[in-house]
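Asker: Kindly produce the complete structure, drawing on both the sequences and the hints.
As you go down the protein sequences, you meet chains A and B in turn. Numbering follows our numbering, with no gaps: position 109 of the first sequence is 182. Numbering follows our numbering, with no gaps: position 256 of the second sequence is 250.
Calculated directly from the structure, the hints in this document are not laboratory data. Each residue gets a CB set at the ideal place from its N, CA and C atoms; glycine is no exception. Hints may be right or wrong, so weigh each one.
[Said to hold, decoys possible] DSSO-like mimics (lysine-lysine), calculated; alpha carbons at most 30 Å apart, straight line: (1) B:Lys144 / B:Lys123; (2) A:Lys255 / B:Lys123; (3) B:Lys120 / B:Lys106; (4) B:Lys144 / A:Lys255; (5) B:Lys106 / B:Lys123; (6) B:Lys120 / B:Lys144.
[To be verified] Here are some, though not all, of the chain A residues that point toward chain B, as calculated from beta-carbon distances under 10 Å: (7) Arg79; (8) Pro80; (9) Arg82; (10) Ser84; (11) Leu88; (12) Ser218; (13) Asp225; (14) Ala227; (15) Gly231; (16) Ser232; (17) Gln236; (18) Pro248.
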Amino acid sequence: MFATERPARWSVYALSLVVLAVVWQLAAIEAGTLLASFTETMARLAELVSSGELGSALWASGRIFLTGLALSIVLGLPLGLVFARFPLVTAAVETYVYALYAIPVITLVPFILAGLGFDFRAKVLVVVLSAIFPILISAMEGARSVPGRLLDVAHSYGSRERQLWADVVIPYTVPYAITGIKQGIAGALVGTIIAELFLNATGVGDLLIRASTNYDSAGALAVTLVISVIAVSLMGASGAVERRYARWREGLSG
Amino acid sequence: MTRSPAGTGAVPTARPADPGPGGAGGPRVVVSRAGVRYGDLTVFDGIDLTIQDREIVSIVGPSGCGKTTLLRSIDGLTRLDSGSVSIDGTVVDGPTPGVSMVFQHFGLFPWKNVYNNVAYGLKLQKAPKERIAQVVPEYIDLVGLSGFEKAFPHQLSGGMQQRAGLARALAVEPQVLLMDEPFSAIDAQTREILQFELLRIWESRPIAMLFVTHSIEEAVLMGDRVVVLKGRPSHIHEVIDVGIPHPRTRDTLKSARFQDVTAHVWDLLMQDVIEAEREVG
Chain A
74 MFATERPARW
84 SVYALSLVVL
94 AVVWQLAAIE
104 AGTLLASFTE
114 TMARLAELVS
124 SGELGSALWA
134 SGRIFLTGLA
144 LSIVLGLPLG
154 LVFARFPLVT
164 AAVETYVYAL
174 YAIPVITLVP
184 FILAGLGFDF
194 RAKVLVVVLS
204 AIFPILISAM
214 EGARSVPGRL
224 LDVAHSYGSR
234 ERQLWADVVI
244 PYTVPYAITG
254 IKQGIAGALV
264 GTIIAELFLN
274 ATGVGDLLIR
284 ASTNYDSAGA
294 LAVTLVISVI
304 AVSLMGASGA
314 VERRYARWRE
324 GLSG
Chain B
-5 MTRSPAGTGA
5 VPTARPADPG
15 PGGAGGPRVV
25 VSRAGVRYGD
35 LTVFDGIDLT
45 IQDREIVSIV
55 GPSGCGKTTL
65 LRSIDGLTRL
75 DSGSVSIDGT
85 VVDGPTPGVS
95 MVFQHFGLFP
105 WKNVYNNVAY
115 GLKLQKAPKE
125 RIAQVVPEYI
135 DLVGLSGFEK
145 AFPHQLSGGM
155 QQRAGLARAL
165 AVEPQVLLMD
175 EPFSAIDAQT
185 REILQFELLR
195 IWESRPIAML
205 FVTHSIEEAV
215 LMGDRVVVLK
225 GRPSHIHEVI
235 DVGIPHPRTR
245 DTLKSARFQD
255 VTAHVWDLLM
265 QDVIEAEREV
275 G
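Answerer: Okay, structure coming up:
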């Protein structure tokens, strides 16, 4: 990396934001009442913040998001490792795991509604179903791809199975798991919004629904903007963690 | 011999009443009627081989002759289909403490720095912390890696990675050192430097060493005896006493004896190639 690259990147980034705001503003003038302008949206955002509406909505949604994500990590990582360790278990469940991963969670919403109702637990389940599979599958792929020569080294030095997991398999899987968690965060965000829009409306989902039923284009855009900013920050943060842990992977090519 | 060894490093463990390299020490490794099959393919069969303490035995042979498999069965990584391997009189049934292997592709853990890679074997043995803290820097110094304790494998050249691999193998203070083509993935110049450094280290603390290589020159330079594997399934075709005293140096490469032995091993291995071509022609 050259030292000049970083400031240049940031200026381009800032410029792209300015361009977005200007284009948005001009498009809103053209579209009339259907699309709130950038300045109207910002004013509405300030209202939502000062009234405390946005804060309490974010808190309600955040609880669902964090609980679902935490459960996905706590369940997904060990399950992935177990699947990798016991090939017969993998043979039995792999197809269903990939099938559930491929199905849009929204198709499962009626069943969840029927089974669990529309309380906090049902919403968390939607988030878990949206987030757990990339985490589980990445951990499984990571633990499966531990190079034989590293296992040879561990065996040669007399490592027993449990130590081998602690010393070799789990450290080797860490970068894979972090990549999976990064994808899981994106999934959990989508899951949270789906849960709040399609089960009973709460939190940010409730704000969105109310804004659109009231033809409050500025409010809907303000909330969407906030969600986008949160998503981008979370992705950025987990991307940074991912890069930090992926550094040693370079050594595997040699 | 006045040539002073390159690099730094004191000898970590002084052996009392050391008779010096090449001195008789009794059998360490006994391979008896050993055979390995992969399905219908018999890789090698009827291998009898004894490695004495303080002796280096080189194994050469064409690729696919099972050199590495033989080494792995001595390390307890590959199970024999017939015969047995004993270390100090105990039949090998899985990895044995006191036997260390240095791997062709180094086998360093990429997420551990040099220090923690070298400490790996000691930590597995649950060695006391004070002992690890004392021994690990000594071996890092012995292989010339002082100052690189905190470096990660991907930051090091192949030669330096194998130095770390050697330090890891030596840090558990083995009685038997198994070298699986340790320098074959390293460029020619570095390879030569490492060959002489390994000889220097071995001469300072001679143990039983088995050195697998596909380089005839390397086999003769390193070995007190050279075992030539040949045929399908392969067997021991000939064992050659190299008869060149330690310490061995770059001058060894120019000696008449080295040239003779190298030429002899070369002839043994090339016979096959020539015969095979005659059959085709």
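Asker: In ascending order, which of the hints set out earlier in this document are inconsistent with the structure?
Answerer: 2, 7, 8, 9, 10, 11, 12
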